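Colleague: Can you build the whole structure from these sequences, using the hints too?
So the protein sequences, as listed, match chains A and B.
For any residue, its number in my numbering is found by taking its place in the first sequence, counting from 1, and adding 11.
For any residue, its number in my numbering is found by taking its place in the second sequence, counting from 1, and adding 11.
In short, the hints are calculated from the structure, not lab data.
A couple of the hints might just be wrong.
[Unchecked claim] Using 30 Å as the maximum straight-line C-alpha spacing, the simulated DSS-like pairs for lysine-lysine come out as follows: (1) LYS34(B) x LYS205(A); (2) LYS83(B) x LYS338(B); (3) LYS83(B) x LYS333(A); (4) LYS83(B) x LYS205(A); (5) LYS146(A) x LYS195(A); (6) LYS306(A) x LYS333(A); (7) LYS83(A) x LYS338(A); (8) LYS195(B) x LYS195(A); (9) LYS345(A) x LYS195(B); (10) LYS306(A) x LYS183(A); (11) LYS338(A) x LYS209(B); (12) LYS195(A) x LYS83(A); (13) LYS34(B) x LYS195(A); (14) LYS306(B) x LYS182(B).
None of the values given here were measured: they were computed from a predicted structure.
Given next are the chains, with one letter for each unit.
2 protein chains.
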Amino acid sequence: MEGRGRGNMSLLVTGSIGIDTIKTPYGESRDCLGGSSIYFSMAASFFSPVRLVGVIGADCPFDLSKVFAGRKVDLTGLEVRPHSKTFRWAGSYRDNMDDRTTDCLELNVLAEHPPTVPAQFRDSEFVFLANTTPKLQLELLGQIESPTFVAADTMNCWIQDRRDDLNTLLKKIDCLIINEDEAKMLAAEFNLIKAAEKILGMGPGVVIIKKGESGSIMIQSDSNVARASSPCKHGQACPERSRRDGRATNINRLFVLPAYPAADVKDPTGAGDSFAGALLGHLAQTGKIDFDSLKTAVAYGTVVASFTISDFSLQGLASITKNDIDKRLETLRKLTDF
Amino acid sequence: MEGRGRGNMSLLVTGSIGIDTIKTPYGESRDCLGGSSIYFSMAASFFSPVRLVGVIGADCPFDLSKVFAGRKVDLTGLEVRPHSKTFRWAGSYRDNMDDRTTDCLELNVLAEHPPTVPAQFRDSEFVFLANTTPKLQLELLGQIESPTFVAADTMNCWIQDRRDDLNTLLKKIDCLIINEDEAKMLAAEFNLIKAAEKILGMGPGVVIIKKGESGSIMIQSDSNVARASSPCKHGQACPERSRRDGRATNINRLFVLPAYPAADVKDPTGAGDSFAGALLGHLAQTGKIDFDSLKTAVAYGTVVASFTISDFSLQGLASITKNDIDKRLETLRKLTDF
Numbered sequence: 012m013e014g015r016g017r018g019n020m021s022l023l024v025t026g027s028i029g030i031d032t033i034k035t036p037y038g039e040s041r042d043c044l045g046g047s048s049i050y051f052s053m054a055a056s057f058f059s060p061v062r063l064v065g066v067i068g069a070d071c072p073f074d075l076s077k078v079f080a081g082r083k084v085d086l087t088g089l090e091v092r093p094h095s096k097t098f099r100w101a102g103s104y105r106d107n108m109d110d111r112t113t114d115c116l117e118l119n120v121l122a123e124h125p126p127t128v129p130a131q132f133r134d135s136e137f138v139f140l141a142n143t144t145p146k147l148q149l150e151l152l153g154q155i156e157s158p159t160f161v162a163a164d165t166m167n168c169w170i171q172d173r174r175d176d177l178n179t180l181l182k183k184i185d186c187l188i189i190n191e192d193e194a195k196m197l198a199a200e201f202n203l204i205k206a207a208e209k210i211l212g213m214g215p216g217v218v219i220i221k222k223g224e225s226g227s228i229m230i231q232s233d234s235n236v237a238r239a240s241s242p243c244k245h246g247q248a249c250p251e252r253s254r255r256d257g258r259a260t261n262i263n264r265l266f267v268l269p270a271y272p273a274a275d276v277k278d279p280t281g282a283g284d285s286f287a288g289a290l291l292g293h294l295a296q297t298g299k300i301d302f303d304s305l306k307t308a309v310a311y312g313t314v315v316a317s318f319t320i321s322d323f324s325l326q327g328l329a330s331i332t333k334n335d336i337d338k339r340l341e342t343l344r345k346l347t348d349f
Numbered sequence: 012m013e014g015r016g017r018g019n020m021s022l023l024v025t026g027s028i029g030i031d032t033i034k035t036p037y038g039e040s041r042d043c044l045g046g047s048s049i050y051f052s053m054a055a056s057f058f059s060p061v062r063l064v065g066v067i068g069a070d071c072p073f074d075l076s077k078v079f080a081g082r083k084v085d086l087t088g089l090e091v092r093p094h095s096k097t098f099r100w101a102g103s104y105r106d107n108m109d110d111r112t113t114d115c116l117e118l119n120v121l122a123e124h125p126p127t128v129p130a131q132f133r134d135s136e137f138v139f140l141a142n143t144t145p146k147l148q149l150e151l152l153g154q155i156e157s158p159t160f161v162a163a164d165t166m167n168c169w170i171q172d173r174r175d176d177l178n179t180l181l182k183k184i185d186c187l188i189i190n191e192d193e194a195k196m197l198a199a200e201f202n203l204i205k206a207a208e209k210i211l212g213m214g215p216g217v218v219i220i221k222k223g224e225s226g227s228i229m230i231q232s233d234s235n236v237a238r239a240s241s242p243c244k245h246g247q248a249c250p251e252r253s254r255r256d257g258r259a260t261n262i263n264r265l266f267v268l269p270a271y272p273a274a275d276v277k278d279p280t281g282a283g284d285s286f287a288g289a290l291l292g293h294l295a296q297t298g299k300i301d302f303d304s305l306k307t308a309v310a311y312g313t314v315v316a317s318f319t320i321s322d323f324s325l326q327g328l329a330s331i332t333k334n335d336i337d338k339r340l341e342t343l344r345k346l347t348d349f
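Modeller: Pasting the structure below:
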């Protein structure tokens, strides 16, 4: 079947491109390149070519073709709006490197209409919809003809304020990648395993919950097993989806992984998006979405995120090779083996 | 060498025996049996005979010989003080099953002098000093002739208020088993890996940090490796100890393990002490304290704690067999394998 086991399938990301100012106990990085699609693309590009869809203003000081020089990141979907300003974010991390406060948020061009997915990107097979309003995520997804595997992220404000749109989105995606607190909020359930099961009942066949320095868990729907092994090209309309429910956990479809134990954390920004980037990058590279492939993908996400947080902005990712990633994957395997 | 690889070595625990009243979102258990030495002994007894040293008052409504009927728990060290009252604790867990408040704490007999270690227990080879004042832990340890492997727990109030005693204790034990927040407090360090390394520098050759539903990490001192593989019988005076320092992490002496993903958590009380019980029980059973044995021991601790929290008081442990534990260990291995 098409989409199964064919390597190097196309991978598209839609998400933000921003000018970040980050303060951590280890220093400050002013006006550096950030945004979900940037971290995602950098991480994914170690595994697979990436198609980036995003929008910036004329004020953007970064030449993305230089940022991604030597990496297979296709910038055809980069839209520069001459009369708009680029998204800006400034944040400060406390001593524990977990709590952070947003010092400044200027949506700017992100508050306008979303970018258009270029015609030559519409056949994309693997898609990541980085965090933005569920309505925009739906609009962007609607521009992709028949994706094989769609993953999305979301956050607390959309769970609270845009629930109808989010519910619609959840029925149209294959995989939700979400933070622990947001998973609990979405499911209205404190126990994380029960929360993950409840989210499966909302639509996605796979739920991956990011727990920061405590690692991640992944759960796959039993009813989704057949589909995931042999993906249906008509995800959005497939009646299989509507039959998904929150039945009891099948231990064979559950995966738990600690974070890579990192003694040197300088800047946690972008950890989640580079986790997703490596994860989707590995899946697109192999063209497989069976549970074993998903487990390896989560492990790659974990490892790549550990490089991201070791330095400010993209420096942690810019200085490594795929070989470094593979070596650390083997270290992680050893660290968790008993 | 004695103490290495000889199975079924003696295991002694000193700790509290209490009358607990526990409220969780799943119900209430009034005046049930609790206390660190009780959870520890129950958990350890699946692996190894246990020597319990503890003290109760005449009011204690539990017949411990019946509680441990059919289990190899030697109660020679149980002291009943006719004019004293038994330790009592009442606590309530919030919806997240993590935060808890102490509703009532009556130290009673625990505020008196510690129990005496019976003469026939003084040759104990494996020792667990459950949480109490470091001074009492030192007094109890002083009654053991030449232990092979001593582990201890401690908590925030002793870290803050009894630091000198605690520092002395840390130099005399082989292994500290401690909660995440307390490890960070003890080391004055937010990063958990750095905190663990700093604690190694305080004395123990092995530090195991419990992270609740996020699992655990274990780190072993490089300088301790030779000693741990071939334990010195004169732990307290051994000059090797004074040379331990906080040198950079050796990835070969680090282990990270997620918690067993438990959808049904009814009462987290005793999780930490049954984790320690299974851990020390496995080590005493095998008589080995090399790093691979320690890793398996941590995994057993993780699994047994998951049974403890599945029901109130000791019910979760009382209803299982060693075979259930071994099966779940294999499940945990599978859940973390990639």
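Colleague: Hint by hint, which ones does this structure get wrong, listed from lowest number up?
Modeller: When the structure is compared with the hints, numbers 3, 4, 12 turn out to be violated.
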